[in-house]
Amino acid sequence: MSDVKTEHKPESFTNREYEAGFITDIETDTLPPGLDEDVIRHISAKKNEPEWLLNWRLEAFRHWQTMTEPHWPNVTYPPIDYQSVSYYSAPKSQADGPKSLDEVDPKLLETYAKLGIPLREQEFLAGVAVDAVFDSVSVATTFKGKLKDAGVIFCPISEAVQEYPELVQQYLGTVVPTGDNFYAALNSAVFTDGSFVYIPKGVRCPMELSTYFRINALNTGQFERTLIIADKGSYVSYLEGCTAPQRDENQLHAAVVELVILDDAQIKYSTVQNWYPGDENGIGGIYNFVTKRADCRGQRARVSWTQVETGSAITWKYPSCVLRGDDSVGEFYSVALTKMHQQADTGTKMIHIGKNTSSTIVSKGISAGFGQQSYRGLVRIAKSAEGARNHTQCDSLLIGDKCGAHTFPYVEVKNPTATMEHEASTSKIGEDQLFYCQSRGISEEDAVNMIVNGFCKDVFNELPMEFAVEANRLMEVSLEGAVG
Amino acid sequence: MSVSLQTVRDQAWLAFEARGLPTTRDEDWKYTDLSRISALLGEQWWQAAAATEIDAAAFAIPNLDAYHMIFVNGRFDAEASDLPAGITVSSLAGLIQDEPDKTIELMAYHADAALSSGLTAANSALASDGACICIAANTRLDKPLHILHVNDGGTSHLRSSIEVGQHAELEIIEHFAGNHDASGLTNSVTAIRLAAGGRCTHYRLQLEAVKQCHNGRVEVKQSRDSAYVLHAVELGALLSRTDVISKLDEQGASCELNGLFVASNRQHVDHHTRIEHNAPHCVSREHYRSVLDGRAHGVFNGKIIVGKGAVKTDSAQSNANLLLSDKAEIDTKPELEIYNDDVKCAHGVTIGQLDKNQLFYLKSRGISEEEAKQMLTFAFADEILAKMGSQPVRRFIERAAFAKLPIITDLEGMLV
Chain A
9 MSDVKTEHKP ESFTNREYEA GFITDIETDT LPPGLDEDVI RHISAKKNEP EWLLNWRLEA
69 FRHWQTMTEP HWPNVTYPPI DYQSVSYYSA PKSQADGPKS LDEVDPKLLE TYAKLGIPLR
129 EQEFLAGVAV DAVFDSVSVA TTFKGKLKDA GVIFCPISEA VQEYPELVQQ YLGTVVPTGD
189 NFYAALNSAV FTDGSFVYIP KGVRCPMELS TYFRINALNT GQFERTLIIA DKGSYVSYLE
249 GCTAPQRDEN QLHAAVVELV ILDDAQIKYS TVQNWYPGDE NGIGGIYNFV TKRADCRGQR
309 ARVSWTQVET GSAITWKYPS CVLRGDDSVG EFYSVALTKM HQQADTGTKM IHIGKNTSST
369 IVSKGISAGF GQQSYRGLVR IAKSAEGARN HTQCDSLLIG DKCGAHTFPY VEVKNPTATM
429 EHEASTSKIG EDQLFYCQSR GISEEDAVNM IVNGFCKDVF NELPMEFAVE ANRLMEVSLE
489 GAVG
Chain B
41 MSVSLQTVRD QAWLAFEARG LPTTRDEDWK YTDLSRISAL LGEQWWQAAA ATEIDAAAFA
101 IPNLDAYHMI FVNGRFDAEA SDLPAGITVS SLAGLIQDEP DKTIELMAYH ADAALSSGLT
161 AANSALASDG ACICIAANTR LDKPLHILHV NDGGTSHLRS SIEVGQHAEL EIIEHFAGNH
221 DASGLTNSVT AIRLAAGGRC THYRLQLEAV KQCHNGRVEV KQSRDSAYVL HAVELGALLS
281 RTDVISKLDE QGASCELNGL FVASNRQHVD HHTRIEHNAP HCVSREHYRS VLDGRAHGVF
341 NGKIIVGKGA VKTDSAQSNA NLLLSDKAEI DTKPELEIYN DDVKCAHGVT IGQLDKNQLF
401 YLKSRGISEE EAKQMLTFAF ADEILAKMGS QPVRRFIERA AFAKLPIITD LEGMLV
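These protein sequence lines map, in sequence, to chains A and B.
Note that this note's numbering has the first sequence beginning at 9, numbered continuously upward.
Note that this note's numbering has the second sequence beginning at 41, numbered continuously upward.
Bound-form chain B, shown alone:
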């Protein structure tokens, strides 16, 4: 390859300088004001944090039997990690040193210019580390791989790549965590490629510390008959924005995106998803829910694009939102762009309070109003978590999510 990694980085940096941070005048960022990032972190917000030590064990998911890959403040911690054998797992920093050529392709990607923002370009220019995983054809990893990113404030740029070979199967848990009072930015880009028949289940758990900002991007490219399942959970961070882009490029591919936001206080959570149906006979399902309390602000934008040749597309999207306080706000926009007549597409949005009839029903059975509200709120959110295959992850998230809502007083009683 003729270009060096440095050239790629320089180009990305120029792109970032040219574009800067998106503003609310950009249609895709209408509801999310990133000027808060520079207001919180200063003009040099993009500068990476210094290395410190954090005890990652404090962030473990109870009862989870998995391999672990631990990153502390954007740096791979080999000692704390427990990597699987039989598949290729390396850190981006290691890869840059050992096989620079291989990283060029990965770093050159700052996505479709039209779809990505200055933040993605900054990530390409500055990404210091990340998980690079490659699972060979016809292999199946016996346990999930838990990729934990912990920080104690400050900025980190993470770039991960996951390649799933033909008919290979992989379960990953991408977990962002922190427990500190400082402000910083986690800027993460994860590129996933599924070869024919490959399967990937992806848990993306955002449990950043209260004053952290989070910008995430997941881009998935799918080949024939591959299947991708995402469980995205947004609980932490002051300001968080995630873009999920799924490209169904070949026949028979399928993707399922499940998302849950639980936000309170002054949290701002934004998820933009984009599913591109580029080939015939692909299936997509998308279910997003949010529970917003305090002054929380939720944004959901789900875009489904069905291209000219993508006949027999089957796509469904739903978004339901529950506002628990009169200061909370939700802005949602489920979009369909369809260029072909042989499709089945549906989407739906609901926003509201708890159903009065359901409340009445429970009360008529002798359940107190508080308890009834608690049950219905729990059930509303848990419907998304129930789709998770991994019980330990589900329990972990349930405990973390419902602890945020004062309305839930007896959580343990409800976990069955």
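This is chain A alone, in the form it adopts within the complex:
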């Protein structure tokens, strides 16, 4: 056995630096920190919003003021001062809005290139239309023409407010109401941008849609809002990727994602989240407090959430499925990695209301270093959900003796015809598996990678091709030297 290859120690793993941690030096148009009704009016005016939206925001803000910050998640962090956050930050050079990629600040394009998603190349190679959100304002949307031919609307939500106000007004806030929870209310009040997708009846979106989020400016919160509507019989696959630069302060990210799925439609929503996780002492990093919910309003509607969570100092999100329509299907596939001082409290909610609804939950948690990870899930089968079915599997892999993995699955069943199974296991990487691989001449690190990859395979298989490759690479890089 080569002695050079087995030198990896746990420390080298925790010392791994954040690859996407560079700061792009461009002028930004940022509001001073603080939040009051004037700030909201300012944001709304800046975006030239109609009256109803401003009122909607103000109503959300007033409701938010009456709410208290929730503390039930299994995570710890110092109190957040919501008045020290700046609620609007747009790259200045974008004030007029670009018409095409050529008008985009080359520095921004460079940023994306560093992240490994050169827009042009992607446009070219992957056939993916990218709606990149850079500190809250969408800077570039590609492939618009091709989508337009198919009748698909894919644009920043601020643009949708101007151009398709009736669609936005009809669906905005119907899945996640403004008063749903503390962070959703905050988001409703101050959201600056996000994506809007509408797939008309019977249309299969000709390509995968993708958005890239990146928090750049200091002291800013990112509050994007995504709304996707799949009309009857349509299909769309939507990808989202996230990164943030390295900073000592904690930055807040409180997004809301709403999916509406009508009869026979399907949405596949994939996330690769790689926000800055903080340094090895747990300083800095993103607080990722996100509300994601899909509403299967139609019969036979389908939704699937796939997420790979490797970043953020604290991740707190539960992509949920409300299975209202009969025979609708909800799926949740998740891989979450916590290392160094990262904390994650994540999982899903499956609310079965319609008859013969079914849901699948596959959650894989990997915890290393001082990472603390919780799976928190709810499966609720209402009295009306005749013949509902759920299968839940959540497995945790522990690497090192200072990390933790926790499981809090809530199961509430009110219908006797429902069938539900839940299984969970927690273990460390098998020594015999490692030994077997090593005895075949595979280095310890490669063996760990192989085992972790096998552990996550069920979830990675659900990712679209390009993301699966990226996710695999992300895991490999993150686990460098993670042999405990």
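Just so you know, the hints here were simulated from the structure itself, not pulled from any lab data.
Values in this document were obtained by computation on a predicted structure and should not be read as measured data.
Check each hint, because a few of them may be wrong.
Computed Cβ-Cβ distance ranges for the label pairs, DEER-style [stated by the list, open to error]:
no.	chain 1	residue 1	chain 2	residue 2	range
1	A	Asn82	B	Ser365	33 to 41 Å
2	B	Asp354	A	Gly395	35 to 43 Å
3	A	Tyr243	B	Arg65	39 to 47 Å
4	B	Asp66	A	Gln178	35 to 43 Å
5	B	Asp66	A	Asp46	33 to 41 Å
6	B	Arg335	A	Pro58	49 to 57 Å
Cβ coordinates follow ideal geometry from the N, Cα and C atoms, glycine included.
With the hints as your guide, set chain B onto chain A.
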């Protein structure tokens, strides 16, 4: 000791007054609404019932060869009891009179404030009686000890303590029973301590009368290589909640919790268990099942915590639930909290109806659908009872449990 028993009681009462009854806004009481207790019993629900006489013989377990310790409406009945020699058995009321110092430690315990509720504090303040058992090192009681608590309604606060010495062995049957139409509350706390190598098998049979409320708490502290086995059966009471807390504090300790609920009508049954692995090489097993009929509501919350130093922990938990009616409801939450990587933990939950394939198999062998359903329901529940070592207790529970389910028509035919 400087504090008097009265001080301890007063403190507990203040804690109770400060905390009151838990509400459904408390995470641990999310599914169990205790406001029903005060609605049923009035604001003074905690006030103990008057002494009456009940013929305890009517509640005996057939064919059980055991020692008996009988409590009637929360008061020890010496005449009806048959206490073993060779071990120390006394009633709490007797102990308060004879050796007040010894009871202070027992009463001062109203558990981790974080883990206990106002009901435990009320118990500390008001407990009138209970079984205090101490078995010396290297002793083994030849027969089980049957601790029977009967009531005819009204409220009683019971506080029991069981101390098992080094390498001693004890089998106890804690049995709550009643046969009346009145409402009341049985509020019982049982603290069990096992010294190194001690073994305790604990049957906890809750067969309260139909309108009684029951709140139970069992806290077990285990030393090195000790073994604790619990068979918890919940059949009676309108509203029942039991907390089982097992602390595996030293190496090699093991615990096994087996539970069965059979509930019908408007019964509400809630079991919260918490197993703390605080030391290396401990083993825990937990198997809970429920059969719910009518408008019954079952709640199960199984928490397993593996601490930082508890390496080589081996823990498994399973929970299976069978809903027989469309009005029944089950809420279950098997939790794992693990702070260490060298462990083997697994848990599983299933909820559903009888397996269609199994039904089909039996029907294809010429067995009628009703009979097949009956067999499968029986088998589902009996799998837990089959773990009981004591045949008389098992038979007794089988008869009591399956009498509640109309689906079981030929019970005697199935008892083998």
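Against the structure, the hints:
In this structure, Asn82 of chain A and Ser365 of chain B meet the distance hint of 33 to 41 Å, their C-beta atoms being roughly 35 Å apart. Evaluation of the 35 to 43 Å hint for Asp354 of chain B and Gly395 of chain A yields a pass: the beta carbon distance comes to about 37 Å. Checked against the hint of 39 to 47 Å, the pair Tyr243 of chain A and Arg65 of chain B passes, with Cβ atoms roughly 42 Å apart. Between Asp66 of chain B and Gln178 of chain A the Cβ separation comes to about 40 Å, which falls inside the hinted range of 35 to 43 Å.
Remark: the range hint 33 to 41 Å for Asp66 of chain B to Asp46 of chain A is upheld by a beta-carbon distance near 40 Å. Distance hint for Arg335 of chain B and Pro58 of chain A: a CB-CB separation of about 50 Å, consistent with the stated range 49 to 57 Å.
In this structure, none of the earlier numbered hints is contradicted; all agree with it.
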